[in-house]
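For reference, the chains in residue letters:
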Amino acid sequence: MVTLPSRGSGSHQTSESSRSSECWRIPRRNRLESLAFAIIAIVALLPPPSAAAQEPKPTEDDYYRLVTLPLPQDAVLEVGGLEWLDESKNRLLICTRRGEVWVLDNAYADDPQAGLHRDETPPDGVPEENVVRFQRMLFGLHEPLGMLRQAGASYADGIYLAQRSELTRINDTDGDDRIDIVSTVCNQWEISGSYHEYAFGPKLDRQGRMWITLNRPFGGEPEGKAKWRGWAITVDKRGQMQTQCTGLRSPAGLGANADGDMFYTDNQGDWVAVCKLSHMKPGSFQGNPLALVSCDDPQSTIKHPGEPPSGLKLAEAAEKYPAFMQPAVWFPYPRMGKSSSDILTDDTGGKFGPFAGQMFVGDQSTSIVSRVFLEKVDGEYQGACFPFRERFQCGVMRMCWGRDGSMFVGQTNRGWGSAGGKPYGLERLVWSGETPFEVHQMRAAPDGFDLTFTMPVDAATAGDAKSYSMKAWTYYYHSAYGCPPVDEHALEVKSATIGDDGRSVHLVIDGMKRGHVHALRLDGVRAKSGLPVLHPEAYYTLNRLPR
Amino acid sequence: MPYRLSVNRGSLFAIITLLLVSFVSFNVAKRAAADDAVADDAAAPAPDGAVVNWDGVDGRFLLTELKCAACHTSDNAPLSLEKTAPILAEAGARITPQYLRRFLGDPQSVKPGTPMPDVLHHLGQGERRETVELLTHYLASLGGPIDQRVAGASVFQIERGKELFHRAGCVACHEPVEPPPPPDENDPAAAIRAEIRAEMEEGRPRRPSVPLGDLASKTTVDKLTEFLLDPLHVRPSGRMPSLALNRGEANMIAAYLLREQLTDEKSGFGAGIDYAYYEGGFPKMPDFDSLKPKAEGSAKGFDLNEIKLDKGKKLTGNFAVRFRGLIEVPQDGMYEFFTRSDDGAVLHIDGQEVLNNDGFHPPQNKSGKIKLTAGRHPIEFGFTQGGGGFELSVEWKPPRGKKEKIPAGVLLHSALAMVPRGVVEFQVDADKAERGKELFGKLGCAACHQTDRSKPVDSTGGATRGLEELKANTAEGCLGERVAAGRPKYLLSESQRTALVKAVEESKTPRDEAPTAAQRVAHLMTTFNCYACHVRDDKGGPEARRVDYFTTLTTVDLGEEGRLAPPLNAVGAKLTPAGFEAILFGAARFRPHMATRMPQFGKANLGHLPELLKQADADQIPPHEPEFSSRLVDDGRRLVGKQGLGCINCHAWGQYKLQGADGLDLLELPKRLETGWYHAFLTDPQKLKPGTRMPTAWPGGKSFFPDIQGGDVDRQMDAIWAYLSVGEKGGVPNGLSPSDEYVLVPGDEPIVFRTFVGGVGAHAIGVGFRQRTHVVFDALRVRMALAWTGEFLSAKPAWDGRAGQYASPSGGNLLHFAPGSPLAVLESADQAWPEIDDERRSAPEGWRFIGYRYDKQRVPSFVYQYGDVAVEETPGTEYRQDAAVVTRKFRFTAPTEVENLYHRVAVGNTIEQDAEGRFVVDGKQRYRINAQAAAKPILRRHDDQQELLVPVELANTSSGRRVAELEIELTW
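Quick note, the sequences are listed as chains A and B, same order. Position 476, counted from 1, in the first sequence is what the numbering used here calls 476; the numbers after and before it change by one each time, with no gaps. Quick note: to get the numbering used here, add 547 to the position in the second sequence (first position is 1).
Careful: at least some of the hints might be erroneous.
With a Cα cut of at most 20 Å, we get these calculated SDA-like pairs of lysine to any residue [as the list claims (entries may be wrong)]:
id, chain 1, residue 1, chain 2, residue 2
1, B, K1161, B, K1204
2, B, K1403, A, D174
3, B, K1403, A, I179
4, B, K1343, A, V76
5, B, K984, B, R675
6, B, K1343, A, D174
7, B, K1204, B, G1306
8, A, K422, B, H1226
9, B, K1403, A, D259
10, B, K944, B, H895
11, B, K1343, A, R414
12, B, K1403, A, M137
13, B, K1218, B, P1173
14, A, K225, B, Q1352
15, A, K225, B, G1306
16, A, K225, B, R1388
17, A, K281, A, D259
If you're looking for bench data, these hints aren't it; they were derived computationally from the structure. Predicted model, so just to flag it, every value in this text is computed and none were measured.
Same shape as in the complex, but just chain B:
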């Protein structure tokens, strides 16, 4: 019986128990919490010191995070990392003057926990106010003052923002506002786990949260959105990472964080209409409520141009849009609406269908009428686009009015006015700004804050005594009881003060040895608060009071493994450089079910982390070099499929997955994982990842499949790796199927399929190989036309309904073979290659298609005739880890000698030979030519193009016929 990964109820309990045990060994969150239910607390107590990172009471980190080095240089603090204070270059454009005044006057009470020191503590009240005013004018002059006009946000935006804030990972560092979602009722172990966590944290102080300060008076929705989209722009040190939000998400979180800005004036409706944008092909207006929008926002009217997508993306492809809001009509009467749309358009008012022009069609006019009473009515307008161009215009004709565009203000949406708190009239006074600028330097602000992106921080304004020379615990020093004038006064807890004193003292002794890679990793993980989510070497993991904010986006049967960040033990031996790159800097989401996202700290900050991890974890896992062969690929496919180990019962394979199979995408594995780790993990999953649901597929080191690779466990693991390493070309594993039921999936035998193929014509013959590399032969023009990888052809155009439609290669990597006929007799070396007329509906002159024959493996050979030369051409492919391959084997036969016969291999802008003797066309396709020695490939230039030709040298055979053979291998 095949061994399967599926889990029954009984083993579920076993796994849960295992998970519990494993949590002990995880040593989750050694920090404690006096209580673990944030719900019961109205607000977290104000921190009694600066909130910096995981180790907020470690002096070495405090030195960095408080930017002591801005004034006190040191040669003995090799662990310290550069930290940059927020860049104030555009401060005025994003921070309100009212906030600047308050914050500068008393940073630590306006934003308790801020590492920003008070540099005005020595001033009397009047002088202090005056200084703050000048600084405010100066900072406001930097790109400001900010536009504080009314911004709008709908209630639904704020609701979604709340959800995102609590689920996407913000609350790992910031204080949650809402209680966590209740534990899963179906998870009997949830309560036990909570108990264990609470126990482990008992007696330890609650971890402070990074303060947000009075955001509602500080900035606007738009500016906060910009900030959230790219926090590193303002705060390059990465302590506030990016969560790779799209614009809509950033906007929603911003609206939520600024929810106090909501005005309750009027009814809360403003001009405009909400839209939601959906991607996908919708031949009919979809049930929008069941879909997840890709973008949301608001527009002034039913205008597709106003739809904003991520990264400035343009509307393209197939999509649908739902506009929703209210329509306010001035008087009772009959209102007529007119649309011109390509494609579908459906309008509802008061829930009644007013007009319906659904479906795909060219631009069409449609109108509809409805009787409305004066006042507001819910309006909903759906638009779909599928194929070709799109357009939409909507007009109306009110009673006794004329047909016109719906005027602004008629359409309302539930946008609520959001205004920064405490708005003041403010004009930058140039004189004050100038004086503020002087003070900014004099007071030492400029030692930390950049105000001009083109100029580095100017630290000359601060003190310059080296760290080693300091007497840390003088009464009037920065760490003293009474900080002297001109010195920054930090908000420090007693323990922080002690720790800093200790660190300063320690810095006076030169370090004997450089820190190890492991120490440096731990230092980085502390600095960037990685430990807030991840466990590594028994350190870190979410606090008990925060752990339940880690959730899944869908119901996933993976337990805590599905919702919590993975442990990072031995991760340096686990991930490949490409894997690190993707997860650290590419915002890859290998665990799409996980609501929490991997923050992006920036390459400038963590670019060296992968290498450090590799060094730190170098000897943790023994290396293993899997073998590779075509046979292993095929065996691997068998093992992965449902009749094998059934990996697909839990794991996705590229775009294919079974319902509820939420395990990681198998096709990502070879890109992400080091082979040593892969081998060790498969050998004993629990050892590397205690508590994982990944079972041992070879219990007791024995295989269930003695007939595969002789039952050798290591070789079977290699087979799976070989199969996964060729990617989609390995072929869909048994048990998974494409969503288009008509897609033809080659099995052991290739599929030969004649149909209409777009770009080829009505005489196309497709050949699909299980290696997911396919070709199309054009039987009319008698030439190999296309090659591509991925999905073979869908039979839907040929089999559905009246059919007779054109199929298009549905995979990727589409390649067109050299145009024209494959053979020509050229009288001279500069004779142009003959062209063929694509409009012609019969074979080119001199050419005849004869048919194809199958060999025993059911691989077809195309047979055709060029003059006296009979050609048999056999397409083929093979598994290759690095590229797609198509081979074309030719056999030419003629009764007599044919002189000056050439095969044209390729045409391109540039053709060069690489070190292996392959011809590289336009830097992309590589051709290896295997022919008789006499047939030397010829590179020639013609009409700004280069051509690669091979002479066909027919040789005598005993039968009297002349024969030549040629094999061309194309990789691309």
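Isolated chain A (complex conformation):
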């Protein structure tokens, strides 16, 4: 039974603080990969570096600690969207898959011990400063999966969110923290009533347009019968819809990069080899042809590119079917995720660590957040992804930045299970202030890759080609569900040259191939301080070779 308003009786969840101080672990990966990497690692580590080997290896927890926010007993916080109610980011808004909107106070509590409704008394011994306060502002929306306050707009101007059937603005006109007005901004996309017809967003681009990605249906009505399923659209200030991209499959995450260009993530499936991050270049076709039926509509800004050929390897597809927008980054499955979700660009100006301007991408299934570095080659985005943080309590769905540069991470596992064992929740990822030793950037070069590191490198190990190893593989662009690595092979790292700044390395690689994911291991590399690389791996999607 669900009764409104109802609430728990003052019980609370104890904080599950960061799971620190465990010994170093090999990141989870499939067994074959583990074996392969282990052998490489052993080879690379011989002879072991003198001092560092004796020290316990640093862990993610040492740099980025997780704070779990306790919830009121009756709050089923299956997070669909995160946003700040105020410009100064004091009050956190959450919309849930159950269609509620909550506002949280004291979300930054350093040691939160209880999540309570506003009128509940904290349990004995829990000071108010350790209590996160929850207020339900609204109930009854239809699975909103994103939330947005227009930049510079105040709370009174309304919050936008995408429900399954429409873009909606909600307003609390009297400031009592309950929504009074629910306005339909745009309902020009169609919906047939399939469970898979989610709408994600909105997110703003640099022109202030609201972007929404529309999932395609599964089963029920003939797939794709409803218009604009599998499209990315924008909605202008008058509530008019413009079509932007087509060929999306299950586009659970979207967001702008530092330059305001829009990207989205897609989930592995038909025509999507593995999860990916792709630039939503206006007019682009992202690969899934189910969406193309809507090209015939007068509102379509995209001409039908012709039915895609199925079964081409990526490089071949790029030549024979150039309409297919090759993703900027493939996320190798399952190491880098199985169900990509939100995109969050680091605009914290360094408050979150050394990765300003880079992107973070969540994953619902594996409960991880990855890091993405992009560059433009021949005017198109491509780049690398790196493991960043794992072991969230539940599938990562949404992320947003706090005022202190910490990352709030909203979670759900419903419908598609996730690692971590919790059904839903909210965590906050806080940088310790210590810089981890990581590959900072990875750029393609005509003869190899240019790496920069987050701190000066140890000349002996970083300058030794044997500290590195590389493999490459491609995927098929095909109608079948997903794709294993194809044509996987090892590449020779011919040389490693340290740059003048002492923190960059130029790698010369033999046999780099377009349309291939290039997987780099850096197990032998040490920082000048002796630290190993926290995540000694990187996956570069080489669509184009720079000239």
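Given the coordinates of chain A, work out where chain B should sit on it, guided by the hints.
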């Protein structure tokens, strides 16, 4: 602290003591029993007279029950009721010739206690045999002779029949066979109560039981089943009432009563398979052993068409069936089984799973193999149906055989052959039948027995002297020592004879005054043996030796109140006419925990009882007219819930109840109970129903809730009544919850819930009110779409798993608002209302949905635009005792005048105005229209349909905008 009804161990003892004391005042069963344990008696002694009813030694009743009036009319016996002898119109079809021969030859020794007189007593043996033979041929010719071929009944049927016979109420009148269930070990007072009862009955004769006679030779299982299903068909006088059995139950009791027909020949297995039918949604094959079947029987094979449900009901909805029996295979080898099923099918043989096609799915083929040795093997086949159509076919392929339907005889079940005792070869001899018919008239049989349903009883064959003219105690009269030829000879005890003589004498003096209503009630209760179960005014109640057959179906913490029939003191002031109707003629079971059922005596027999009771009990309870208001409804809900008086701790509320709360359903109360009785009972439960577990909620006349209705006790009682009187619309009381945890239950604030709704679409917005009346707005087509009452929407389709499923209004009373858009500009009076394309996935041309806003009470108003006209529509409802209500308040605003603007209120086959000016659509929905005077509703006909339109007359306002308001109240 809230006052609660729950009972702790200490107070339990107090209640038991109270019960004991109350039994003294009940004066239970003044009749006595020499001993009270039937278990110790092998068989009850044969009655020494006719067994008629409660007062078997009262001459006035004997006159009726023995049908003296068939020959002796009287004007002075106003109390007497018509009694009809069994109708013999189909006698031959249900009574065996061997029984007819025996019974007609000597009714009173074949069926000791029968009120049937011996009319052949004067004949010599030879002539007597000849007469019996002719009568037998005649009666056998009436629809017969009966088919005495082998019938089958499984042991489990007989076992269940035994249980039903002893628990459903049969043994209140008929002789029990088995000892009663042992007293509850946990009830320390049981032994004391038994002692008290025995003491009270000491020295009184045991009440005779109504004889069953030699049923085993009289009829067959099938015919007895038919009889038990509707005893009044054969015996319209209702002395043998219906227990409202379903077919399976009747069949089981019949099999039990005829258990002597069981043959022990062969192994007791016959062709066929037993089935048990279960209702409910079973996504997976259920654990059948934990379920209670709704119907049981046997079929020739795994054939759903052979499943027989009550009242010829067809298989429908969600259900499961378990077939069980043996499979007999001719040779060793591999046997393959094939099923095509929609939905689940699981086959076990020898306890091994042979094939499994469980779960809901479209028709699917599945096969499985098993190695069997020649001989018999237990077989069990489960089938489930959930949603959509269903089908089932089962085939097999024996070793070296072909795939085929499983042949008859391969499937066996534990059906035992049941054959009437003493079967004789019998053919109706038309000549003998004709002569028998003549005798039937001549001997006076026709004076009592109808043989043709289209013709009334012909009493001309009997004597016709009036009762007043009789000399009752002549030696050769009906009551004499030697009954003369041509007169019926009854089985009468000495006391019955004396009583009859006295009654005949009394009938010679005209009665001064008509009997009172109370006397007539007592007379009815005697005639129909109501006193065998009920106490009224210190009379009646079960005999000590029978009282322990009154049991509960489940463990119920209600003591004797839970298992014994309620006392009928002041019942005329207690039950409403509807309450009487339901319990007397509707087979309602207000006390579902009680194993004993209220017998149904037929309206023809007891139709006047409620009115008599009302007269008899008129001044027993002062009347009380409760007030009614919305406020009282809300306060009542608070009082009933767990934070109030906690009524729900013991009582069910409609479909909701707490574990173990076996008290009566609160929602039934306003239908059943008179308000005066309700008020008096709540004021002092023990006074009206001594020993009841119902506590006083206002001890000392004080309320625990001074803040509700100012603490006024009477007003608080009125509040509870007001709340219960609006039924489910009053809202689930605090503390109870629906079984579907996802069901959204509106509290003080309405719930607005957007989801996919079946029949509305993907843009539906539900609004649920605590008054349990709800609407759905279609934001795509921009129109109010649905209204219904009861449960609001379940969030399960939207919240469970990947969700995105369609919700459907789960309550009842579903109403679709007029199709199309709510507004249109019509250029002329005969322009058709514009239609909207339901396939279209965007708003109709000219329409825009803008959203909704909440007021301070969180009631949403839908805002939308039609051309230049802005509309704000606010749905609402209120508590109403007699109907569901939805109000729609519209506010129209436009910058300029809009001419010829109409709102379409309703469409129907007929629309008429009632006396209150409301428009009645198809006799069901009533619309009250509140608009400006200028906006006169218009009724018009279009395409065989009537339409109700209201003009929207926009009026100038000071702001320059034009505004109109409209309120429509719909009750249905």
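Results for each hint:
Restraint check for B/K1161 and B/K1204: not satisfied, since their Cα atoms lie roughly 32 Å apart, outside the 20 Å limit. Between the alpha carbons of B/K1403 and A/D174 the distance comes to roughly 11 Å, so the proposed pair stays at or under 20 Å and holds. For a cut-off of 20 Å, the pair hint linking B/K1403 to A/I179 stands: about 11 Å separates their Cα positions. At most 20 Å may separate the alpha-carbon atoms for a hinted pair to count; B/K1343 and A/V76 meet this at roughly 14 Å.
A hinted pair counts as satisfied when its Cα atoms are at most 20 Å apart, and B/K984 with B/R675 qualifies at roughly 15 Å. Annotation: proposed proximity of B/K1343 to A/D174 is violated, straight-line Cα distance about 33 Å (limit 20 Å). A hinted pair counts as satisfied when its Cα atoms are at most 20 Å apart, and B/K1204 with B/G1306 does not qualify at roughly 31 Å. For the given pair, A/K422 sits about 53 Å from B/H1226 by alpha-carbon distance, which is inconsistent with the 20 Å threshold.
Proximity of B/K1403 to A/D259 is assessed by CA-CA distance (about 44 Å); at most 20 Å being required, the pair is judged violated. Between B/K944 and B/H895, the direct Cα distance comes to roughly 16 Å. Compliance with the 20 Å bound is thereby established for this hinted pair. Simply put, B/K1343 and A/R414 have alpha-carbon atoms about 13 Å apart, close enough for the 20 Å limit, and the pair holds. Annotation: proposed proximity of B/K1403 to A/M137 holds, straight-line Cα distance about 14 Å (limit 20 Å).
Distance restraint check for B/K1218 and B/P1173: the Cα-Cα separation of roughly 14 Å lies within the 20 Å cut-off, and the hinted pair is therefore satisfied. Using a Cα cut-off of 20 Å, the hinted pair A/K225 and B/Q1352 holds, with the two alpha carbons roughly 18 Å apart. Under the criterion of a C-alpha separation no larger than 20 Å, the hint pairing A/K225 with B/G1306 is consistent with the structure, at around 19 Å. For a cut-off of 20 Å, the pair hint linking A/K225 to B/R1388 stands: about 11 Å separates their Cα positions.
Proximity of A/K281 to A/D259 is assessed by CA-CA distance (about 13 Å); at most 20 Å being required, the pair is judged to hold.
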